[in-house]
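K.L.:
Residue numbers (the numbering used here), protein chains in the order written: chain A, 1 to 263; chain B, 264 to 468; chain C, 469 to 673.
Honestly, the hints are just simulated from the structure, not real lab data.
Every clue listed holds true.
Pulled a few chain A residues facing chain C out of the computed Cβ check, cut under 7 angstroms:
1. ALA120
2. LEU140
3. PRO144
4. LEU147
List time: in silico SDA-like cross-link candidates among lysine to any residue, alpha-carbon distance up to 20 angstroms:
5. A:LYS152 <-> B:HIS338
6. A:LYS152 <-> B:LYS344
7. A:LYS152 <-> B:ARG395
8. A:LYS258 <-> A:GLU242
9. A:LYS237 <-> A:GLU193
10. B:LYS344 <-> C:MET491
11. B:LYS344 <-> A:ARG156
12. A:LYS170 <-> B:GLY437
13. A:LYS152 <-> B:GLU343
14. A:LYS89 <-> A:ARG66
15. A:LYS152 <-> B:ASP386
16. A:LYS170 <-> B:ILE430
17. A:LYS170 <-> B:GLU373
18. A:LYS170 <-> B:LEU433
19. B:LYS344 <-> C:THR498
20. B:LYS344 <-> A:GLU145
21. A:LYS170 <-> B:THR380
22. A:LYS89 <-> A:GLU105
23. B:LYS344 <-> A:ARG148
24. A:LYS152 <-> B:MET389
25. B:LYS344 <-> B:GLY392
26. A:LYS170 <-> B:GLY377
27. B:LYS344 <-> C:ALA495
28. A:LYS152 <-> C:GLY501
29. A:LYS170 <-> B:LEU438
30. A:LYS221 <-> A:ARG209
31. A:LYS170 <-> B:ALA435
Where is the CB? At the ideal position from N, CA and C, for every residue including glycine.
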Amino acid sequence: MNDSAQPFMFPPSDSARPDADALYLAIDGWEGPLDLLLDLARRQKVDLRQISILALVDQYLTYIERAGALKLELAADYLVMAAWLAYLKSALLLPKDEQEDPSPEELALRLQLRLQRLGAMREVAARLMARDRIGRDVFLRGAPEGLRTDRKIVWRSDMFSLIQAYGQVKARTAPRIYHVANRPVMTLDSALERVSAMLGVTLEWMEIRDFLPPHASPELKRSALASSFVAALELTKRGRAELEQDGAFAPLRIRRLKDSTSA
Amino acid sequence: MNTQPATLERALEATLFAAEEPMTVEALATHLGVLEHAEVRAALAALQAHYIARGVHLVERGGRWHFETAPDLAHLLRREKEQVRRLSRAATEVLAIIAYHEPVSRAEIESIRGVQTSAGTLDVLMEAGWVRPAGRREVPGRPVIYATTPVFLDHFGLESRRDLPGIDELRAAGLLDPVDEAMEAAMRFEPDEADEADDESSEAS
Amino acid sequence: MNTQPATLERALEATLFAAEEPMTVEALATHLGVLEHAEVRAALAALQAHYIARGVHLVERGGRWHFETAPDLAHLLRREKEQVRRLSRAATEVLAIIAYHEPVSRAEIESIRGVQTSAGTLDVLMEAGWVRPAGRREVPGRPVIYATTPVFLDHFGLESRRDLPGIDELRAAGLLDPVDEAMEAAMRFEPDEADEADDESSEAS
Chain A
1 MNDSAQPFMF
11 PPSDSARPDA
21 DALYLAIDGW
31 EGPLDLLLDL
41 ARRQKVDLRQ
51 ISILALVDQY
61 LTYIERAGAL
71 KLELAADYLV
81 MAAWLAYLKS
91 ALLLPKDEQE
101 DPSPEELALR
111 LQLRLQRLGA
121 MREVAARLMA
131 RDRIGRDVFL
141 RGAPEGLRTD
151 RKIVWRSDMF
161 SLIQAYGQVK
171 ARTAPRIYHV
181 ANRPVMTLDS
191 ALERVSAMLG
201 VTLEWMEIRD
211 FLPPHASPEL
221 KRSALASSFV
231 AALELTKRGR
241 AELEQDGAFA
251 PLRIRRLKDS
261 TSA
Chain B
264 MNTQPATLER
274 ALEATLFAAE
284 EPMTVEALAT
294 HLGVLEHAEV
304 RAALAALQAH
314 YIARGVHLVE
324 RGGRWHFETA
334 PDLAHLLRRE
344 KEQVRRLSRA
354 ATEVLAIIAY
364 HEPVSRAEIE
374 SIRGVQTSAG
384 TLDVLMEAGW
394 VRPAGRREVP
404 GRPVIYATTP
414 VFLDHFGLES
424 RRDLPGIDEL
434 RAAGLLDPVD
444 EAMEAAMRFE
454 PDEADEADDE
464 SSEAS
Chain C
469 MNTQPATLER
479 ALEATLFAAE
489 EPMTVEALAT
499 HLGVLEHAEV
509 RAALAALQAH
519 YIARGVHLVE
529 RGGRWHFETA
539 PDLAHLLRRE
549 KEQVRRLSRA
559 ATEVLAIIAY
569 HEPVSRAEIE
579 SIRGVQTSAG
589 TLDVLMEAGW
599 VRPAGRREVP
609 GRPVIYATTP
619 VFLDHFGLES
629 RRDLPGIDEL
639 RAAGLLDPVD
649 EAMEAAMRFE
659 PDEADEADDE
669 SSEAS
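Chain A extracted, bound-state conformation (with noise of 0.2 angstroms):
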């Protein structure tokens, strides 16, 4: 009933890794060549600052032995270890001044030392796991209703902006009114009579720009140049004056035709 409060779960151990048994020994927990040691100093229950080391390894060194007998695959590591506790139970034996350095007595207290740091180590790990655990010895809430925090919102603005707003989507929105100003023209009609009248005067040839009213607003001059253009070419086309003009934007001239008079 309790099964989400165990998110604890492991393999069952390390031993069980099919590939690595191959070269790995773990008999009665055994793990390693040190775990070895250690469990060989424990069975000895003594102190391992009191142990001997030249007991240690003989003991090792025939485990090891047996092992052999019993066709186990032993680890290289094993074999190493077995090599190098060979070589210092020898050192151990022999004579004192023939000894190289490190000593053994040096190597023997180096294995000593880290015997004694690994058990303490596997000690204080099996205080550890004593301890009230959760899961297995104390539970947590099966069913915490959990704390949840949501973020809302909150929306702010003022009258200003409100109406200013509306403002601006009445404005942009208003039916748009264009005004077109009443600017100064000369019609055609007009022009066409004002330019009649001046052929009338002369048979000489005219400059267009002569016939423009002389006082008009430049507005109305620019307007009274086409549409007097437009009359010439009117007048030209029905026969009663003529055009000519020496090059492009050159002095446009006028005359009127002689028989037209009579025509």
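Once you have looked at the hints, place chains B and C on chain A.
P.N.:
Just chains B and C, lined up with the frame of chain A:
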């Protein structure tokens, strides 16, 4: 400080605490190896009394017992974190249109605004509590129509919608721009559009 | 029957009952909108005292607070099927080495154990959430170093690493020092050796 709780009371307390589901008296009795159901019932009653003034209550529902948060503290489980955010321009326009023309349908809002209105904009206004659906217009399609709420009046410091300045007052205040400037605004349309897009995307987030 | 619990005490009780994870004083203060952490701490202490004799306890582990069942009721709550599967011996040793030596590199773990540590062992501990990589040691090769987590403290009912069983004794005995250091100390073989050992333990602590 407290009277020592009885052993059975402690056992029930721990069991119900660790239980993933509410438990019946029978299940509790079986679990704890107690033969007398009456004993369990009495201990449950004592436990319930103990928790009556506390932040957690022991309750029975349909014959099953469990711990739950005291009803007056339920709000602690759902904490709301407030975040103040300014209304986007698009949303402000829609809100203004609703305020001035209510009740209005979405199509009407769009025709007044002259711009398509994303669905999120109305959602934001309803989330803010300023706008509510106010029925349907009895025309083909029966569109939902929207109106403002008292919360809206409150937030904007209005006694009633009649307090909103009229068109003439807006014009007097320079808020209703003359035609030429409206033209200009229309020409500016592109950058504005980009602003709105920004606003609306932030609303959605 | 009981004195009325204070409002903050009730709020903390409800919050910690409902919480899915242990909570720090800071998280509790934020959640409940209490400004003074000292106030929260005081209320937690009162709440802890209230629960001391009950079937459920309020505990602090690595600065985070949670409710759990009383340890003496373990026998009532253990299920037929063990919920915490046994950790392999290799994994328990590695865990102990990390906890007592942290932060520690894999090579250092191996030198203590005298055995190669299979990659799976550290994985298992990290998957359980008890161990985490804690940066790299600034030595050649920059090896990753490992340390324990608050979840580790939680699971093993430790308020802090100072509560690790026997850690003071191990430190005093120099058993947490590297072999090389111990070798040097032992080889010096001087009468004031005891003094030195003391010095080293005080340095280490």
